[in-house]
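A.B. asks: Spelled out from the first residue to the last, the chains are:
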Amino acid sequence: MAVFRFIHLSDLHFCLHPLRRNLRMLHRRRLWEQIDSFQNQARDLGLSTLVSPSSYDPAITAAAARFCYDRRRIIDAIIVSGDLATTGKPIDLNPARSYIEDAALSGPYINSFSQSLAATGRRIYFLPGNHDMYRDDSGWPGSPHFHLMLEKHLPNLTGSVGWWTRTKAGGQVLGCVYGDFCLRSVTDAGNVAFYHGRGRAYPDTLKKMVADTIALKSSHDRITLIWLIHFAPFQCPTSLQLMDWQNVTKEAERLGVLCTLCGHTHEQSKIARDKHVVYCSGSAGSVEPVGESRVHVIEIDPDRSTAQRQNFEYKAMDQSFQSVSSD
Amino acid sequence: MNQHFRNALTRFADDAVVPPELQIANKWIETVVINAFVGGEASSFLPAKRRARDPWDDWSVDFVVHIPGGSFVAERMLEHDNADIGPAQKLLDFPSVFVPSSRLVSLWIDGVAEFAKSGDRKDVDATILKLSTSERSEALIRRISYIVALYAHQRKYEDQLSSVPLAASNRFDLNFQLVLSEFLPLVPDRSDEFLSLLQHELTTAFKAGWNLESEEWGKVKFEGDSIILYMQKPKTFEDPGFELSTEG
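As they're listed, the protein sequences go chains A and B. Counting in the working numbering, the first sequence tops out at residue 1023, every number present. Counting in the working numbering, the second sequence tops out at residue 301, every number present.
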């Protein structure tokens, strides 16, 4: 039985400043932790960073790299559904780039503090998330740097949409169409207060995804299709919403796409409707929410047209991801 | 210039005897100089794989803590129960049973004092000089445990070794000695004394029945006249039925 197996990561949030927390996130912590974090960050990084976006925890991203490295022989590829970096500034994108492409020497380690998924020897498929496209810490969209630095890893990309396929020796093909729904302008957010976290299912991007999906179906006899986007195509908090998300799921269902992989919310979830499933990944690196970091192993059986996911939670005590559930 | 290279040249000129440092100096030339110019791979403790790097880059951030007023302190490191060891690995903790002798600490402090006069770490080194005697001792223990853990970690992944010798026949393993010398600022001409004293004191501690055990690292044991790290093998998942797909 040939199965396609992928590790699904999302929202790593690499940054110049590890362990940076945003004021809005601090209120979720216990009072003494708030004071401690506030004091330490203001001292070490400067007061102004408290209004910058939250970044990543190196212990978690290291555990994610080890997780991928340990399973390199049982996976076809690694999929990262966006937000590799905290902002689209080159200085924040650089550790993300390093994590994706730098050669490692010892296991997944480049050196004591840096890891690389490249050590797995597996293809890494990803796309940008809203954070990757921030021009600055204020979250203004439209940074060109993600594409300048990492576009070479995005296969068959035209505009905001691309696709890739994987083929088993038995002839089974898995096709993935990915689309970038990041805001092109602040005014596209609908409400300017939410431009940081919102995306929009732009009709032209969706149309291209549909066209690529149809083209893949017509060019392969035995193909199973999945979609990869950053924003969650379901009802989620207002500030994180993908506007017109219903159009995305409607088209995915109509085209017989097996599942959609996404991230963005930092909360693991699964939404199933008819035969289409949306697998939303937890964060594999962000400092927030504390204690809820997740990585996932997705298994797709092309013969039965089924998808299954195993979820792994980061355990700080062991500094590793451990299996918690499957869905 | 690397202290061992200077040291070796001095001794070589003085007594025309090939000193042990020359071996280290040779390795240093081979690894740092040659690899720097021909472009070595990522940082490694193995000479053949190493390129020039600033060893201080490998220290935990907890060793360099900035505080208001523009000075650096190492205090936080001393308070830290779980000093960050290597790439987010579990702590390989040297228990308090190992207490370095005052001579060993003073040899290290002499080196710190010498190197504190200049260099990127002069603020950190100057702060170490202000520490009390017990704090200095603790700082040295933490540094040595850090180096052991970092060294073991890299050897584990580079060579897939299940055991790494740290010392044999009353001498530190040459690779390990090189790493120790590189990470710890030592006064040229006194590095020999420091290393042999450290080797002796560690061996004595191990002989007394001190076994370091860690779920992540395995065990550190004294056997015969050797100190050996027995490490757990990296875990690799296998699925014999899995068949890798190809792109396209």
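Quick caveat, the hints were computed from the structure, so don't treat them as lab data. Certain hints may be false.
Stated by the list, open to error - Some but not every residue of chain A turned toward chain B, in silico, with C-beta under 10 Å:
hint	residue
1	Val-699
2	Lys-848
3	Pro-851
Stated by the list, open to error - A few chain A positions that, by computed beta-carbon distances, are all more than 10 Å from chain B:
hint	residue
4	Ile-770
5	Trp-836
6	Thr-863
7	Ala-865
8	Phe-890
9	Met-939
10	Gln-1018
Ideal Cβ positions, reconstructed from N, Cα and C, are used throughout, including at glycine.
A.B. asks: Against this structure, judge whether each hint is valid.
C.D. replies: Quick rundown of the hints versus the structure:
1. Val-699: Hint holds; A/Val-699 Cβ to chain B Cβ min 8 Å, cut 10 Å.
2. Lys-848: 15 Å, violated
3. Pro-851: 8 Å, holds
4. Ile-770: 4 Å, violated
5. Trp-836: 29 Å, holds
6. Thr-863: 5 Å, violated
7. Ala-865: 6 Å, violated
8. Phe-890: Non-interface label on A/Phe-890 holds, nearest chain B Cβ at 34 Å vs cutoff 10 Å.
9. Met-939: 33 Å, holds
10. Gln-1018: Given a closest Cβ separation of 12 Å, the condition holds.
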